[in-house]
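Each residue of the sequence shown is one higher than the one before, counting from 2 in the working numbering.
Calculated directly from the structure, the hints in this document are not laboratory data.
Mixed in with the good hints there might be a few duds.
What the hints assert, rightly or not - Straight-line alpha carbon distances no greater than 30 Å define the calculated BS3-like cross-link-like pairs of lysine-lysine that follow:
no., residue 1, residue 2
1, Lys-366, Lys-396
2, Lys-163, Lys-195
3, Lys-233, Lys-175
4, Lys-232, Lys-404
5, Lys-218, Lys-172
6, Lys-396, Lys-163
7, Lys-442, Lys-127
8, Lys-172, Lys-191
9, Lys-308, Lys-195
10, Lys-342, Lys-322
11, Lys-216, Lys-191
12, Lys-251, Lys-547
13, Lys-158, Lys-251
14, Lys-515, Lys-547
Said to hold, decoys possible - Ranges of calculated distance between the beta carbons of each label pair, as one might list FRET restraints:
no., residue 1, residue 2, range
15, Lys-251, Glu-319, 20 to 26 Å
16, Lys-423, Lys-176, 17 to 23 Å
17, Asp-502, Lys-225, 41 to 47 Å
18, Ile-629, Leu-608, 23 to 29 Å
Every residue gets a Cβ at the ideal spot worked out from N, C-alpha and C, and that includes glycine.
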Amino acid sequence: MNKKIKIVFSVLLMTAFIFNSQKVLGESKKTVSILFTHDMHSHIDVERNMKDGKERESGGLAKVKTVKDRTEDRYNGTFLVDAGDFAMGTPFQTVFRERASELKTMAEVGFDATTLGNHEFDYRAKGLGRMFEEAANYNKGRTKMPSLVAGNIDWKKSFADKNKMISENAKVLKKSMDKYGVADYSIIEKNGVKMAVFGVLGREAVENAPAAGLKFKDFVSRAKEIVKEIKKNGGYDIIVCLSHSGTDEKDFDKSEDVELAKSVPDIDLIVSGHSHTELKEAKTVGSTHIVSCGAYNHNIGHIVLKKDGERYRIDKYELIKLDESVEGDKDIQKVVDRFKKNVDNDFFKKYGYSSNTVLAKNENKFTDVNSLGKKQGEDPLGNLIADSYLDIANKNLKGNEPKYDLSLVPAGVIRGSLGTGKITAADAFNISSLGIGEDEKVGYPLVSVYLTGKELKAVAEVDGTVSDKMDEARLYMSGLGYTINRNRLFLNRVTDVRLIDKEGNTTGKIDNDKLYHVVGGLYSCQMLSYVKDQSHGLLSIEPKDKNGNVIKDFNKHIIYDKNGNEIKEWYALATYIDNFKNKEIPSYYGKTHNRKIIDDSWNPIKLLKQPNHIFVMLLGIILIPVAIIIGIIILIVKRRRNRVGRYGGMFNGRSGFYGRKSRRKSRLDKRKLWRR
2 MNKKIKIVFS VLLMTAFIFN SQKVLGESKK TVSILFTHDM HSHIDVERNM
52 KDGKERESGG LAKVKTVKDR TEDRYNGTFL VDAGDFAMGT PFQTVFRERA
102 SELKTMAEVG FDATTLGNHE FDYRAKGLGR MFEEAANYNK GRTKMPSLVA
152 GNIDWKKSFA DKNKMISENA KVLKKSMDKY GVADYSIIEK NGVKMAVFGV
202 LGREAVENAP AAGLKFKDFV SRAKEIVKEI KKNGGYDIIV CLSHSGTDEK
252 DFDKSEDVEL AKSVPDIDLI VSGHSHTELK EAKTVGSTHI VSCGAYNHNI
302 GHIVLKKDGE RYRIDKYELI KLDESVEGDK DIQKVVDRFK KNVDNDFFKK
352 YGYSSNTVLA KNENKFTDVN SLGKKQGEDP LGNLIADSYL DIANKNLKGN
402 EPKYDLSLVP AGVIRGSLGT GKITAADAFN ISSLGIGEDE KVGYPLVSVY
452 LTGKELKAVA EVDGTVSDKM DEARLYMSGL GYTINRNRLF LNRVTDVRLI
502 DKEGNTTGKI DNDKLYHVVG GLYSCQMLSY VKDQSHGLLS IEPKDKNGNV
552 IKDFNKHIIY DKNGNEIKEW YALATYIDNF KNKEIPSYYG KTHNRKIIDD
602 SWNPIKLLKQ PNHIFVMLLG IILIPVAIII GIIILIVKRR RNRVGRYGGM
652 FNGRSGFYGR KSRRKSRLDK RKLWRR
């Protein structure tokens with residue numbers, strides 16, 4: 002009897018367990034919790050800066066792990082995803098190829114999926130391939146690597162390209178990506194919820210990845226194909242896109258990811274990277290939600306979605322600050338510290354530094370990197386960087402090489418800022434961390450180019466006009482000055498372009514036909530060549546050699562030190578700071594010095610002075626139809642006068658109604674006379 006009771010009790014217990022499990026499973030399918038990051042840019046370690054006399058902490062993957070663990074306590078089965086540009090931006094990128102530092106640390110944290118941003122291609126296809134090879138070997142161990150989804154590389158066109166470099170790049174990269182397991186999309190299941198996740202690289206991001214050496218399909222059309230395939234294959238509860246395309250804060254509705262949401266309405270969630278946007282509130286387009294948490298791991302985003310009919314509604318959305326209030330996970334910090342030792346031994350040691358080498362102390366308050374370039378005008382940090390380029394270039398002149406006249410630094414290549422207190426070699430590196438040189442070593446090198454005076458004015462006009470629409474084009478310079486009036490005609494806003502000293506005093510006028518010696522970063526100078534295409538020929542800037550020949554291969558114009566080493570952007574800044582008197586950044590860099598003057602005047606003289614060819618052309622376009630209209634009016638007036646001459650005036654006592662009456666009376670008199 003007791004045996005029967007035990008059996009019945011066991012059956013009832015199992016039934017209850019199964020019933021409750023199904024209930025929990027059903028509930029979990031109705032709720033999806035997702036943590037997300039993007040634009041990490043190798044900020045895997047915590048940053049410490051002095052602010053208001055106190056040391057402040059920000060970012061780091063150890064803090065991400067803490068938030069992940071806390072969130073999973075509340076929402077079991079929380080997904081953790083990243084929308085690309087996880088690399089390039091701090092010294093950890095220096096071991097990206099050999100050690101896959103970013104991806105391995107992300108694996109230890111527990112990231113489920115990520116995608117490729119444009120900066121993952123900075124070390125070219127070969128460098129990215131080496132990273133995947135290293136990460137794939139790590140994947141064979143105890144740690145599961147994040148799924149990497151990249152859906153719009155056009156392998157077919159890349160393999161078939163007549164340019165051998167492109168076809169070879171494609172073969173090398175495809176082999177290593179296959180070894181890692183890169184896919185168009187992946188199904189990841191947690192707590193009964195199946196997330197179909199795929200990744201795409203947007204149009205602007207593709208344009209910003211010239212080093213990739215690959216062909217890409219349009220991200221929207223490719224997303225349509227992938228979602229169609231996901232729906233056909235089934236086995237998912239929610240569709241998530243890791244889109245490295247971005248949103249435009251100034252014109253959100255015209256953003257690439259808004260276009261994606263409208264064009265592919267079956268996507269439930271778009272994690273939007275590339276533009277470094279912080280969306281305080283999630284945006285919803287149709288039934289598709291768009292989220293962004295900003296760059297550099299300063300925040301991590303969290304969204305909770307609940308099933309509502311066939312789609313999902315937002316139940317919770319927040320951006321969690323990764324500051325000193327969040328204690329970092331100690332195990333993850335140990336992983337980060339190991340990579341930090343690799344960085345010192347493999348990279349900084351060759352330059353006579355370590356990442357913690359103190360270059361100088363700083364009491365100046367520099368613009369935060371997220372605010373840099375947002376407003377038109379001169380900036381002390383931009384001045385500091387530009388001065389460092391001009392200084393080191395003139396110290397490394399070769400033979401009879403003429404002195405450099407000026408340096409140019411666009412805001413788009415400045416990736417960090419300087420806090421108060423101790424400034425380290427790592428801080429200097431973070432500011433100018435992008436790219437590699439011809440020597441395959443980390444960091445873009447400085448290059449020597451020549452521009453005509455007319456082209457210098459066009460460069461200034463890019464800053465004066467275009468940069469208001471595109472922050473990355475905001476320009477900082479040393480040796481060059483000009484005035485901007487934003488009330489003037491579009492593409493004709495800059496006047497008084499001149500050579501200046503450090504105090505902003507004019508040292509020479511610009512001659513349109515003269516060649517001026519300019520130093521800039523490799524990538525920045527390459528981008529100058531695209532201005533002509535982007536402006537449809539209205540502005541022409543073609544960097545030249547000393548003989549005035551247009552440069553075809555910028556690698557042949559890299560600046561080397563006296564030992565034959567490429568002079569890197571970051572190293573120019575580091576040595577400039579390192580050589581300051583008393584090891585302090587001078588107070589000179591705490592203010593501006595009339596390098597760029599903003600004078601938004603409505604004074605007619607200031608509005609019309611020094612018109613450029615674009616103003617003259619636009620004036621002609623306006624005046625021609627005006628002249629035609631005036632001509633037509635004159636013709637009409639002449640014809641009417643001719644009529645008046647034949648039939649009398651309109652308002653002179655014999656005209657108008659009176660004139661008609663007079664003519665009528667005359668006709669009647671003639672009839673009477675005839676009758677007589």
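Consistency of the hints with the structure:
no., hint, verdict
1, Lys-366 - Lys-396, "holds (28 Å)"
2, Lys-163 - Lys-195, "violated (42 Å)"
3, Lys-233 - Lys-175, "holds (26 Å)"
4, Lys-232 - Lys-404, "violated (63 Å)"
5, Lys-218 - Lys-172, "holds (17 Å)"
6, Lys-396 - Lys-163, "violated (42 Å)"
7, Lys-442 - Lys-127, "holds (13 Å)"
8, Lys-172 - Lys-191, "violated (35 Å)"
9, Lys-308 - Lys-195, "holds (13 Å)"
10, Lys-342 - Lys-322, "holds (27 Å)"
11, Lys-216 - Lys-191, "violated (35 Å)"
12, Lys-251 - Lys-547, "violated (41 Å)"
13, Lys-158 - Lys-251, "violated (35 Å)"
14, Lys-515 - Lys-547, "holds (11 Å)"
15, Lys-251 - Glu-319: 20 to 26 Å, "holds (24 Å)"
16, Lys-423 - Lys-176: 17 to 23 Å, "violated (45 Å)"
17, Asp-502 - Lys-225: 41 to 47 Å, "violated (57 Å)"
18, Ile-629 - Leu-608: 23 to 29 Å, "holds (26 Å)"
The structure shown violates the earlier hints numbered 2, 4, 6, 8, 11, 12, 13, 16, 17.
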